[in-house]
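J.: In case you want the letters, here they are:
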Amino acid sequence: MSDILRVRALSAGYQPDMSILKGVDLKVDAGEFVVLLGPNGAGKSTLVKTIAGLVPIHGGSVKLRGEEISDLPAHLRLRHGLAFVPQTENIFAQMTIRENLQLAAQILPKATRAGRIAAMMDTFPDLASRPGTRAGALSGGQRQMLAVARALIVEPEVLILDEPSAGLSPLMVADVFARLKAINASGITVLLVEQNVRAGLSIASRGVILVEGRVAHDAPSADLADDPVVAQLYLGGRAQEGAQ
Amino acid sequence: MMLQPIMDGLVNGAIIGLGAIGVTLTYAILRFANFAHGEMLSWGAYIALTLSGLLGALLPALATPIGPFSFGWSVPIALVGSVVLTSVLALAVDWLLFGRLRASGAVTIILVMASFGAALALRNLLEFIYTSSPAYFTNALQISKQILPGLRATPDQLLVLGLGAVLVVLVHLLLTRSASGRSMRAVSEDPQLAALVGIDTRAVIRMVWILGAALAAVGGIMSGVIVQIRPTMGLDLLLPLFAAAILGGIGSVPGAMLAGLFVGLAEAFTVQFIGAEWRAAVSFVILVAVLLLRPQGIFGKAMA
Amino acid sequence: MIEILSYGAFFLTMALTYAVIALGLNLQWGQTGLFNVGIAGFVAVGAYVSAILTTPFSDGRLGGFDLPIVVGWIGGGLGAGFLCLLLGALTLRLRSDYLAIATFGAAVVIQLALLNLEALTGGPFGISFIPRPFADLSDRANLFAFANLAVMVVLVLACYAALQHLVRSPWGRVLRALREDETAARALGKNPVSYRLQAFAIGGCVMGLGGAAQGHFIGFIAPENYLPTLTFQVWAMLIIGGSGNMRGAVLGAVLVWAIWALSGSVVSSVFPADQQARAASLQIVLIGVSLCAVLLLRPRGILGEAGTLRRQPKATSTPSEGQNTHD
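As given, the protein sequences belong to chains L, F and C, one line each in that order.
Residue 31 is where the first sequence starts when you use our numbering, and the numbers rise one by one after that.
Residue 42 is where the second sequence starts when you use our numbering, and the numbers rise one by one after that.
Residue 670 is where the third sequence starts when you use our numbering, and the numbers rise one by one after that.
Careful, some of the hints might be misleading.
Unchecked claim - Calculated lysine to any residue pairs in the SDA-like style (CA-CA distance at most 25 Å, straight line): (1) 859/C <-> 148/F; (2) 93/L <-> 233/F; (3) 859/C <-> 837/C; (4) 140/L <-> 217/F; (5) 140/L <-> 219/F; (6) 57/L <-> 87/L; (7) 57/L <-> 185/L; (8) 52/L <-> 34/L; (9) 140/L <-> 211/F; (10) 93/L <-> 37/L; (11) 211/L <-> 153/L; (12) 140/L <-> 221/F; (13) 140/L <-> 243/F; (14) 211/L <-> 229/L; (15) 140/L <-> 220/F; (16) 211/L <-> 168/L; (17) 93/L <-> 241/L; (18) 52/L <-> 39/L; (19) 140/L <-> 213/F; (20) 140/L <-> 218/F; (21) 52/L <-> 146/F; (22) 52/L <-> 185/L; (23) 140/L <-> 244/F; (24) 57/L <-> 209/L; (25) 140/L <-> 105/L; (26) 211/L <-> 184/L; (27) 859/C <-> 333/F; (28) 140/L <-> 232/F; (29) 57/L <-> 255/L; (30) 57/L <-> 99/L; (31) 140/L <-> 161/L; (32) 140/L <-> 245/F; (33) 93/L <-> 245/L; (34) 52/L <-> 247/L; (35) 140/L <-> 148/F; (36) 52/L <-> 71/L; (37) 186/F <-> 43/F.
Honestly, the hints are just simulated from the structure, not real lab data.
Use the sequences and the hints to build the structure in full.
T.: As structure tokens, then:
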């Protein structure tokens with residue numbers, strides 16, 4: 031019973047009269063690596079954005095370490111240990127790499143900022159080699175690395191990522207996934223939205239499949255991968271995923 | 042013949058530039074053209090006028106001119122007070138009006154419209170309190186001194202230029218080197234992502250109002266020292282402020298200042314060569330030219 | 670009794686000239702969501718063009734073509750419409766508030782031109798002896814007043830009908846579609862900029878027409894009639910009546926004009942002469958505050974459907990031309 035993130039009967043949407051999430055229940059244990067799967071339009075992005083505080087909640091609750099956070103503005107959720115990396119526009123393109131990291135480190139105590147920035151530069155040597163480059167000039171993969179570094183700099187307990195693999199080459203995807211695996215191994219709980227079911231199940235310990243704003247399946251990755259129904263519905267390829 | 046309009050233009054341009062910095066920051070961070078910003082210059086000037094009048098009445102020594110300048114210590118002291126009170130005024134207007142509209146999800150143009158209504162109310166309130174007749178910080182006349190052959194300036198004018206330059210450098214450093222400046226740039230680039238990296242957007246918005254109002258107050262006081270104080274001074278400056286903010290590129294502080302100087306110079310040369318009655322048209326011509334040729338302004342990143 | 674009647678007719682005639690202007694603004698704002706801060710300028714252009722076309726020749730002033738009043742009105746409308754077309758073409762492809770800034774600037778420059786192009790506009794003294802409709806009836810005050818009122822009623826009805834027709838036509842449906850869901854309308858191949866430009870120019874035409882008519886009823890015009898306060902009055906009329914609603918625009922015009930005239934006469938009877946200017950500024954403060962209050966408390970106006978004022982869903986609040994990429 032060491033759940034770190036608990037979502038109960040969550041409904042949410044951009045407009046007051048239109049819920050995209052229709053009562054989602056989700057539990058993530060400390061140290062777990064959970065992948066969130068489902069067809070386009072199922073509400074995967076909306077769910078993680080709602081957890082991060084970007085989408086108005088219509089009902090239900092979001093608890094972090096047992097503490098209700100659904101009424102906190104987004105900037106305070108980060109201070110409670112929940113970091114979110116959006117799918118696009120996840121770095122400040124007009125600013126340099128260093129400025130992006132400095133900005134993220136601002137919520138840390140003054141004394142630790144420089145150390146954390148240096149630690150991120152060590153972890154991501156690609157970024158360290160040219161800290162003065164404008165982030166907008168980086169390649170897709172490097173942008174994702176910067177976005178992840180930006181989120182990790184504050185040492186969050188839970189890291190949520192919305193499809194970091196989108197638009198990356200297979201090689202880059204493998205690199206990003208390896209990073210996420212390592213981040214999870216270091217003790218950080220990871221919740222990942224992924225379009226590619228096979229790839230997602232291959233790195234996560236548990237998979238949650240969202241369909242039409244509700245959780246349709248929730249099981250260990252291995253079970254899901256072997257489940258014939260899931261295999262037929264979701265592993266058939268992208269054509270069916272876009273059916274919504 | 043050529044030097045004098047340059048001097049006059051730079052002095053006036055420094056005032057426009059200080060106002061335009063406020064316009065460009067509100068535009069970049071709150072994302073609307075604030076038609077009430079001109080009134081911050083007027084209010085800044087009138088608040089300072091009232092404070093310095095009070096100080097002068099209480100302690101007549103403060104009213105004796107400092108060195109070569111036309112005003113006594115009561116004016117710089119009043120300036121500090123006015124900067125504080127004008128910022129409070131801007132925060133109050135935001136709390137009463139713009140903040141509520143933002144919270145209700147109003148579209149940009151509603152904010153523009155509200156700023157237009159607020160401008161009218163603020164301006165006419167000044168006219169109600171102080172009447173429409175012009176007021177002055179001091180009755181002392183200043184003799185302009187020869188600086189170069191063909192170039193004369195009063196010590197007040199030189200002070201305005203110097204103070205303008207210092208303030209621009211300070212604001213530029215604040216934005217590029219400090220944590221609060223980084224936060225402001227972050228919110229200007231992407232408010233949602235800024236919240237995700239832990240920045241409190243509301244705090245940044247407060248900072249923008251304070252900074253904009255403070256610079257406006259200084260600009261208004263400068264204009265009052267150099268020219269005069271009238272309830273419509275902000276309205277008359279509004280078009281030059283917008284022209285400078287757009288010419289400089291929305292969000293760019295050095296751009297706003299340089300463009301402000303440019304607008305000031307263009308006005309001075311128009312007065313010199315075409316006629317003072319067409320001065321107010323200069324900003325419109327500049328505005329049209331920028332929108333036609335380079336809508337993102339000189340230092341603008343294509344539509345931030 | 671007779672006097673009251675003819676005053677009433679005069680009052681209504683004036684109010685209806687404002688109704689025409691408000692109808693023009695309603696097309697720009699209520700139907701299309703374009704914020705015009707230069708109404709006073711466009712109204713002035715309409716009035717001056719018409720005055721120059723219709724006044725008799727006079728020494729020391731260009732113009733004075735002595736043309737029929739109808740020609741003057743059409744000219745006034747076209748002049749203002751053309752100006753709107755130019756400003757719209759300059760700004761409509763840019764951010765939504767650039768139009769506001771440009772129209773504000775245009776009004777400033779028009780005011781300057783009225784003051785300084787003395788040979789054309791008469792400078793600060795303006796133009797007088799503008800022919801009034803039914804001038805040959807002017808010795809019979811009542812009949813004259815009612816004939817004028819009748820002209821204005823016909824003009825308002827004509828504008829109303831024409832605008833109603835436009836709004837309900839396929840063209841109007843596209844405008845509405847653009848307002849409701851720009852992305853979808855674009856997907857149907859509708860170019861938002863060109864539709865908005867047309868609406869802005871037609872609205873400007875109607876405003877110019879209203880300005881022209883107003884000039885002819887008063888009989889003389891001067892730059893001081895076209896200060897930013899006028900812009901603000903017209904806005905108050907539309908917002909209070911309920912934008913997007915043509916009946917609201919007409920009702921708002923009559924209502925706000927009545928409040929204005931009434932509070933003006935209260936001011937002049939209650940305050941001593943030397944304080945009247947101050948009291949008048951308080952009048953404007955109150956209107957400014959009430960405009961803000963309406964925006965805050967009752968964004969749909971008193972009567973009103975207001976598509977432009979409603980909270981917009983995500984898809985449409987990301988403004989068109991990718992101006993604000995993030996929101």
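J.: Hint by hint, say whether it matches the structure.
T.: Cross-check of the supplied hints:
Only pairs whose Cα atoms come within 25 Å are accepted, and residue 859/C paired with residue 148/F is accepted, the gap being roughly 22 Å. A distance of roughly 22 Å separates the Cα atoms of residue 93/L and residue 233/F; the hinted pair therefore holds under the 25 Å criterion. Restraint check: the Cα-Cα separation between residue 859/C and residue 837/C comes to about 17 Å, which is no more than 25 Å; the hinted pair holds. The hinted pair formed by residue 140/L and residue 217/F meets the criterion: a straight-line CA distance of about 18 Å does not exceed 25 Å.
With a CA separation close to 13 Å, the supplied pair residue 140/L and residue 219/F stays within the 25 Å bound. Of the pairs offered as hints, the one joining residue 57/L and residue 87/L holds, with about 18 Å between alpha carbons and a cut-off of 25 Å not exceeded. With a C-alpha separation of about 21 Å, the suggested pairing of residue 57/L with residue 185/L holds against the 25 Å cut-off. About 22 Å separates the Cα atoms of residue 52/L and residue 34/L, which keeps this hinted pair within 25 Å; it holds.
For the given pair, residue 140/L sits about 23 Å from residue 211/F by alpha-carbon distance, which is consistent with the 25 Å threshold. Among the hinted pairs, residue 93/L with residue 37/L is consistent with the structure: their alpha-carbon atoms are about 6 Å apart, no more than 25 Å. The hinted pair formed by residue 211/L and residue 153/L meets the criterion: a straight-line CA distance of about 14 Å does not exceed 25 Å. With a CA separation close to 14 Å, the supplied pair residue 140/L and residue 221/F stays within the 25 Å bound.
At roughly 22 Å between alpha-carbon atoms, residue 140/L and residue 243/F fall within 25 Å of each other, so this suggested pair holds. Proximity of residue 211/L to residue 229/L is assessed by CA-CA distance (about 12 Å); at most 25 Å being required, the pair is judged to hold. Restraint check for residue 140/L and residue 220/F: the C-alpha separation of about 11 Å stays at or below 25 Å, so the hint holds. Taking the CA atoms of residue 211/L and residue 168/L, the gap is near 23 Å; set against the 25 Å cutoff, the hint holds.
Taking the CA atoms of residue 93/L and residue 241/L, the gap is near 22 Å; set against the 25 Å cutoff, the hint holds. Taken as a hint, the residue 52/L and residue 39/L pair is honoured in the structure, with Cα atoms around 8 Å apart against an allowance of 25 Å. Distance hint between residue 140/L and residue 213/F is fulfilled; the C-alpha atoms sit about 23 Å from each other, no more than 25 Å. A hinted pair counts as satisfied when its Cα atoms are at most 25 Å apart, and residue 140/L with residue 218/F qualifies at roughly 15 Å.
Note on residue 52/L and residue 146/F: the hinted pairing holds, with a Cα-Cα distance of about 24 Å set against a maximum of 25 Å. Restraint check for residue 52/L and residue 185/L: the C-alpha separation of about 32 Å exceeds 25 Å, so the hint is violated. The suggested pairing of residue 140/L with residue 244/F holds, with an alpha-carbon distance near 19 Å, which does not exceed 25 Å. This hinted pair checks out: residue 57/L and residue 209/L have alpha carbons roughly 23 Å apart, not beyond 25 Å.
Distance hint between residue 140/L and residue 105/L is fulfilled; the C-alpha atoms sit about 18 Å from each other, no more than 25 Å. At most 25 Å may separate the alpha-carbon atoms for a hinted pair to count; residue 211/L and residue 184/L meet this at roughly 18 Å. Using a Cα cut-off of 25 Å, the hinted pair residue 859/C and residue 333/F holds, with the two alpha carbons roughly 24 Å apart. Straight-line distance between C-alpha atoms of residue 140/L and residue 232/F comes to about 23 Å, which keeps the hinted pair within the 25 Å bound.
The hinted pair formed by residue 57/L and residue 255/L meets the criterion: a straight-line CA distance of about 20 Å does not exceed 25 Å. A C-alpha spacing of about 15 Å is found between residue 57/L and residue 99/L, which places the hinted pair at or below 25 Å, so the restraint holds. Between residue 140/L and residue 161/L the CA atoms are separated by roughly 20 Å; this keeps the pair inside 25 Å, and the hint holds. Our distance criterion of 25 Å between C-alpha atoms is met by residue 140/L and residue 245/F, whose separation comes to about 19 Å.
Taking the CA atoms of residue 93/L and residue 245/L, the gap is near 18 Å; set against the 25 Å cutoff, the hint holds. Between residue 52/L and residue 247/L, the direct Cα distance comes to roughly 15 Å. Compliance with the 25 Å bound is thereby established for this hinted pair. With a CA separation close to 38 Å, the supplied pair residue 140/L and residue 148/F exceeds the 25 Å bound. Distance check on the hinted pair: residue 52/L and residue 71/L sit about 13 Å apart at the alpha-carbon level, within 25 Å; holds.
With a C-alpha separation of about 17 Å, the suggested pairing of residue 186/F with residue 43/F holds against the 25 Å cut-off.
Of the numbered hints given earlier, the model fails hints 22 and 35; all others are met.
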